[in-house]
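Undergrad: Please model the entire structure based on the sequences and the hints provided.
Protein sequence lines correspond, in order, to chains Y and F. Start counting the first sequence at 125; every next residue gets the next number (our numbering). Start counting the second sequence at 4; every next residue gets the next number (our numbering).
It is worth saying that the hints were derived from the structure and are not from the lab. Incorrect hints may appear among the rest.
Each pair of labels, with its calculated beta carbon distance range [what the hints assert, rightly or not]:
{"id": "1", "chain 1": "F", "residue 1": "SER46", "chain 2": "Y", "residue 2": "GLN226", "range": "50 to 60 Å"}
{"id": "2", "chain 1": "Y", "residue 1": "ALA198", "chain 2": "F", "residue 2": "HIS182", "range": "40 to 50 Å"}
{"id": "3", "chain 1": "Y", "residue 1": "ARG428", "chain 2": "F", "residue 2": "GLU188", "range": "28 to 38 Å"}
{"id": "4", "chain 1": "F", "residue 1": "SER213", "chain 2": "Y", "residue 2": "ALA198", "range": "19 to 29 Å"}
Glycine included, each C-beta is placed from N, C-alpha and C at the ideal position.
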Amino acid sequence: MELNLQELSKTQYPIPADLQNNVAITSLSKIYNWGRRNSMWPMLFGLACCAIEMIATASSRFDFSRFGMEVMRATPRQSDLMIVSGTVTKKMVVPIVRLYNQMPEPKYVLAMGACASGGGPFKEGYNVVSGIDKYLPVDVYVPGCPPTPQALLFGLIALQKKIDGQSIADYDDVPWYGVGLSDPAPVPILGPDIIDPRQMDMIRRQAEKAASDGGVLNAARSLPSAAVAVLDAPAKAAKPAPAAAAPAASEADDKRAAALARKAARAAKSEGAAASTTPAAVPAASLPSGGKPWEESEAIREQRKQAALARKAARANKTEG
Amino acid sequence: MVDMTVPNSPATSIEDAIADLKAKFPDAVSDDKREGYSGVIVSKDKLLEVARYIHDTLGFDYLSSATAVDYLGEGNHSNDHLEMVYHAYRTTGGKALVFKAQTDREKAELPSLVSVWKGADFQEREAWDLFGIRFQGHPNLKRILMWEGFHGFPMRKDWHEAYYEQDHKPFDSRWPSGHVYRAEERNIFGKNVKYPADIDLSKLTDISESSMYEGFGMGVEYTQVRDGEGMATDQLIVNMGPHHPSTHGVFRMIMRLDGETVTHLEPVMGYLHRNHEKIGERNTFLQNIPFTDRLDYISSMGNNHGYVLAVEQLLALAPKYTPPTYRTEVLRVLMVELTRIVNHLWAIGFWLNDLGAFFTPVLYFIQERERILDFFEAVAGSRMMCNYMRFGGVFADLPERIRTVANLMNDRVRDFNTMQFLTEMINERIPRTIDELDEYLTNSDIVRVRSEGVGYLSREDAINYSAAGPLLRGSGVAYDIRRAEPYSIYDELDFDVAVQYEGDMYARYLVRLQEMRESVRILKQILPRLEYTAGESVASPFAYSGKVPIGEAYGRVENGKGELGYYVVSAGDKKAAANPWRYHVRAPSFINLTPLGVMAKGGKVADLVAILGSIDIVLGETDR
Chain Y
125 MELNLQELSK
135 TQYPIPADLQ
145 NNVAITSLSK
155 IYNWGRRNSM
165 WPMLFGLACC
175 AIEMIATASS
185 RFDFSRFGME
195 VMRATPRQSD
205 LMIVSGTVTK
215 KMVVPIVRLY
225 NQMPEPKYVL
235 AMGACASGGG
245 PFKEGYNVVS
255 GIDKYLPVDV
265 YVPGCPPTPQ
275 ALLFGLIALQ
285 KKIDGQSIAD
295 YDDVPWYGVG
305 LSDPAPVPIL
315 GPDIIDPRQM
325 DMIRRQAEKA
335 ASDGGVLNAA
345 RSLPSAAVAV
355 LDAPAKAAKP
365 APAAAAPAAS
375 EADDKRAAAL
385 ARKAARAAKS
395 EGAAASTTPA
405 AVPAASLPSG
415 GKPWEESEAI
425 REQRKQAALA
435 RKAARANKTE
445 G
Chain F
4 MVDMTVPNSP
14 ATSIEDAIAD
24 LKAKFPDAVS
34 DDKREGYSGV
44 IVSKDKLLEV
54 ARYIHDTLGF
64 DYLSSATAVD
74 YLGEGNHSND
84 HLEMVYHAYR
94 TTGGKALVFK
104 AQTDREKAEL
114 PSLVSVWKGA
124 DFQEREAWDL
134 FGIRFQGHPN
144 LKRILMWEGF
154 HGFPMRKDWH
164 EAYYEQDHKP
174 FDSRWPSGHV
184 YRAEERNIFG
194 KNVKYPADID
204 LSKLTDISES
214 SMYEGFGMGV
224 EYTQVRDGEG
234 MATDQLIVNM
244 GPHHPSTHGV
254 FRMIMRLDGE
264 TVTHLEPVMG
274 YLHRNHEKIG
284 ERNTFLQNIP
294 FTDRLDYISS
304 MGNNHGYVLA
314 VEQLLALAPK
324 YTPPTYRTEV
334 LRVLMVELTR
344 IVNHLWAIGF
354 WLNDLGAFFT
364 PVLYFIQERE
374 RILDFFEAVA
384 GSRMMCNYMR
394 FGGVFADLPE
404 RIRTVANLMN
414 DRVRDFNTMQ
424 FLTEMINERI
434 PRTIDELDEY
444 LTNSDIVRVR
454 SEGVGYLSRE
464 DAINYSAAGP
474 LLRGSGVAYD
484 IRRAEPYSIY
494 DELDFDVAVQ
504 YEGDMYARYL
514 VRLQEMRESV
524 RILKQILPRL
534 EYTAGESVAS
544 PFAYSGKVPI
554 GEAYGRVENG
564 KGELGYYVVS
574 AGDKKAAANP
584 WRYHVRAPSF
594 INLTPLGVMA
604 KGGKVADLVA
614 ILGSIDIVLG
624 ETDR
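TA: The following block contains the structure:
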C-alpha cells in the first residue's frame with residue numbers, strides 16, 4: 125500500500141511551498157503503523173480445514189501479498205501475526221500458547237473460522253477448546269466454516285485498520301510499548317482434563333467444597349428459571365462469587381488516568397488472589413528442581429506483577445508531577 | 004504402467020469361508036443372529052487362533068477396519084458388553100468377512116491381533132484410548148488420540164463430556180420448546196472442562212509429554228554404538244511437530260537418529276482430535292453429512308459418498324426402499340472423480356513442497372483446483388464443505404449457469420453455461436494441467452533422484468499394514484475398491500487400476516498421476532450420461548428421513564487417499580433409530596500412518612518429510 129504523501133503532510137506545521145512533496149511532517153505513530161501494517165508476517169501454521177483456505181488466500185488467485193503478508197514464517201520468532209486457522213483442541217492449545225509466547229511483540233492473533241472463534245460445530249467435543257480466546261487475546265474474529273478467502277482478506281484488512289488506530293504513546297491500549305517484559309500467556313496443563321493455571325485456585329476451592337458437603341465438582345451454574353424449567357438440570361451449586369464489581373469509572377475525561385486506575389485495580393485484585401493461593405511465593409531461581417512448571421510460572425508472574433506495579437506507580441507520579 | 008487385469012473374484016465365497024470357519028472351530032465361532040447384523044462372533048479365548056486361520060488359510064490378508072462398539076443398556080442385544088468388530092478382505096477382491104469378539108465392560112480385555120495383521124496396531128490403540136479395551140500382547144499400548152493421563156474412556160456410552168446435555172439431538176433445550184444458553188455459561192469453570200471428583204491438585208502431574216518418549220530414553224542415548232571403523236557414536240532423540248511446516252498440519256513425529264539416519268520413529272497424533280465420532284453419535288443420521296465434509300477436508304464429496312452408501316445399506320432393509328436414480332449416481336461419480344483430481348493435485352503439489360520446490364508448483368495446481376471449486380460452489384453452495392449428497396439422492400441438480408464470484412475483485416462476474424464449463428474443463432483444462440505436470444516432473448532429474456528407492460514399502464508389508472490407496476497400489480497391489488467391490492456405477496465404467504511395483508515415493512507419484520488420467524477417462528464417460536439423464540429426478544423420499552432401520556453396515560469407497568469406510572450401527576429399541584448407535588470412520592490417513600515407521604527406518608531424516616508427503620495425509624481425517 126502506498127504512503128500517501130498528501131495525506132501525511134496535512135499537519136499543523138506549515139511546510140514551505142518549495143519543499144512540499146520533498147518534506148513530509150507526520151506523527152511517529154502514523155509512519156510507524158504504516159510500516160507495521162504493511163509488513164504483517166503471519167506464522168506458517170495451519171490447524172485444520174481453515175488452513176486450506178488460508179493457503180488458497182496466499183496463492184495466486186487471492187494473493188494476500190498485495191497487503192504485505194506474503195512472507196509466512198515457519199518460526200514464531202519472526203512472525204507478527206498468528207492466524208489460528210482451525211479447531212483448537214485441548215492437546216494442541218498447549219503448543220499454541222507456547223508458540224504465542226515465543227512471538228516477539230507487537231503481536232496479533234486472528235481467529236479464523238467458527239472453531240477458532242468459539243468451538244464451531246465441534247464445540248461440544250470432549251477434546252475441543254471453545255475458542256482460542258479462552259487462552260489468548262484475539263484481535264480479529266473471522267466468521268465462516270471455513271471463511272472464504274475473501275472473508276479472510278477482509279479480516280486481515282480489519283486488522284490493518286486496528287493497527288492504524290493504535291498509538292505508540294498509549295501504554296494501556298498497546299501494552300508492548302511499555303517498559304520491560306509483558307506477562308507471558310499461562311501455559312495450560314494436561315492433567316485429568318485441561319487445566320488453566322489461572323483457575324487452579326478455583327478448581328481447588330470447588331474440589332474442597334465437593335469433598336466437604338458431598339456436592340458435585342463440576343456443578344452446573346444456575347440459569348434463569350425459564351431455562352431451568354426446560355433443562356431440568358439435576359444438581360446446581362451456587363454460582364461462584366461474581367468478579368468484584370469494576371471500580372467506578374473516574375469522571376475525569378483524561379482517558380489515560382482512568383485507564384491507569386483500572387489497571388491498578390486489576391493488578392491489586394490479582395495480587396490479592398495470588399497472595400491467598402501461594403502464601404510464600406518462591407523466587408524462580410530458588411525453586412527446587414522438582415518444582416512444577418505452573419508454580420514456577422506463578423512465581424515469575426508475581427515478580428513481574430510487582431515490577432510492573434512499581435513502574436506504573438512511578439509513571440503515574442511523573443504524570444501528576 | 005497399468006495393470007490391465009481386474010482382480011479375480013475369490014475362489015471361495017464368504018458363505019463358504021464362514022462355513023469352513025465354523026467347521027474348524029465349532030465351539031468358538033457362531034453366527035451373529037442379531038437383526039440386521041452379519042458375520043460371526045468369535046469367543047475371545049480363541050480370537051487369536053481364529054484370526055490366524057482367517058489370515059493364513061482362508062486368505063483374508065487385508066484387515067480393513069477394527070473398531071469397538073459399546074453396547075450399554077439399550078438396543079437389540081441381551082447384555083451390556085463391549086464388542087470389537089473386524090472387517091477383513093482378500094486383496095484379490097470380494098466382500099468382507101466380518102468377525103466380532105465380545106468382552107465384559109468392567110474388565111475389558113481382548114487378545115491383540117497385531118501379530119496377525121500389523122494394520123491393527125493403531126486401531127487397537129484407538130480402541131484402548133477411547134473405549135478402554137486392554138489388548139493383551141499389544142507391543143505399544145498407550146493412548147493415541149487423547150493424552151496420557153486423561154481421565155476416562157470418552158467413547159463409552161456412560162461417559163459424558165463437559166458440555167453434555169442429552170444423549171441425542173435435537174436437544175430439548177433448543178428451539179421451539181426451549182431457549183439456547185451458551186454452554187460456557189452452564190459450566191462452572193466457563194470452559195469445556197470436567198474434572199474427576201477425586202482430583203488432587205497437590206499431586207497433579209503432567210505426563211502427557213514424558214509418556215510419548217517412553218521406550219526412547221530421554222535426550223541423548225548414552226549407550227554408544229560402535230560401527231565398523233571403531234568410531235563411537237551417540238543416538239539422538241529428535242522431536243518434530245506438532246507445529247512444523249512440513250507435517251501437513253498438526254502431526255508430530257518422535258524419532259531416534261544415528262547421525263542422519265532414522266533408527267526408530269513413532270508418529271504422535273491427536274492434535275486435531277475433535278471427537279467426530281462422539282459428536283456423530285449424538286447427531287441424527289442426517290446431521291452427520293456436513294461433519295463428514297470436515298474429515299478429509301480436501302475431498303469432501305468423497306467423504307459424503309462413503310457415508311451415504313453406508314446409511315443406504317441400512318435404509319435398504321426398510322420394506323419400501325427405492326434405490327438412487329441413475330442421474331444421482333452419475334452426479335455422484337462426477338463429483339467424486341473431480342474430487343480425486345483435486346486431491347491428487349494437492350498431494351503432488353505438497354509433496355513437491357516437501358522435496359524442496361517450495362510453493363511454486365503448488366501455485367499452479369491450486370489455480371486448477373480453484374476452477375473445480377468454482378464448480379462445486381455453484382452446485383453445492385460452498386467451495387470446500389460441499390455437504391452435497393443425501394441418502395438416496397443428492398442435494399440439487401446441476402444449475403443452468405455458473406457464476407464465479409471469486410473474480411469480483413476485478414469488478415467482473417464471469418458467467419458460464421454449466422455443461423460448457425464442464426466439457427471444457429474435462430476435455431481441455433484438466434488434461435492440459437496433467438500433461439504439464441507430467442512433462443515437468445516425471446523425468447525431472449531432481450524428482451527422480453530424491454524419490455526413487457526412498458521410502459520403500461514392500462508388497463507384503465503394504466498389505467499387512469493395511470495401507471490403502473496410492474500407498475498400496477504403489478507397492479504393486481492392484482487393489483482399488485471401485486474394481487474390487489464395485490459400488491455406484493463403477494462396474495459399467497471403463498477405466499484401469501493404476502499400479503506400480505517399485506514401492507517407493509516415485510511409484511506413488513506415478514500412481515497418482517495415472518489415477519488422475521483415469522479419472523479424466525471416467526469423467527469423459529460421465530459427460531454423455533449427464534446429457535441423456537438430464538431432467539431425471541435427483542431427489543429421494545429418504546433424503547431427509549429421520550429414521551433408519553436397525554442393523555449394522557460398513558460402507559466403503561475408494562477416496563483419493565485410500566479406502567474410506569464408515570461403520571454405522573443403528574440400534575434403536577424399536578424398529579428404527581434416528582441417531583446412530585455407533586458411527587465409526589475407517590480413515591485412510593490414520594491407518595496409512597501405521598507403516599510410516601517402517602518406511603522411515605534406515606532412511607535419512609531429510610527424506611522423512613517427503614515420505615510423509617508421499618503418504619498424503621490430512622489431519623482432519625487422521626485424528627477425526
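Undergrad: If a hint holds in the structure, say so; if it does not, say that too.
TA: A quick look at each hint next to the structure:
1. F:SER46 / Y:GLN226: 50 to 60 Å: holds, 55 Å
2. Y:ALA198 / F:HIS182: 40 to 50 Å: At roughly 46 Å between Cβ atoms, HIS182 of chain F and ALA198 of chain Y fall inside 40 to 50 Å, so the hint holds.
3. Y:ARG428 / F:GLU188: 28 to 38 Å: 32 Å Cβ-Cβ, so the 28 to 38 Å window holds.
4. F:SER213 / Y:ALA198: 19 to 29 Å: With Cβ atoms ~26 Å apart, the hint holds.
Every hint, counting from the list given before, is met by this structure.
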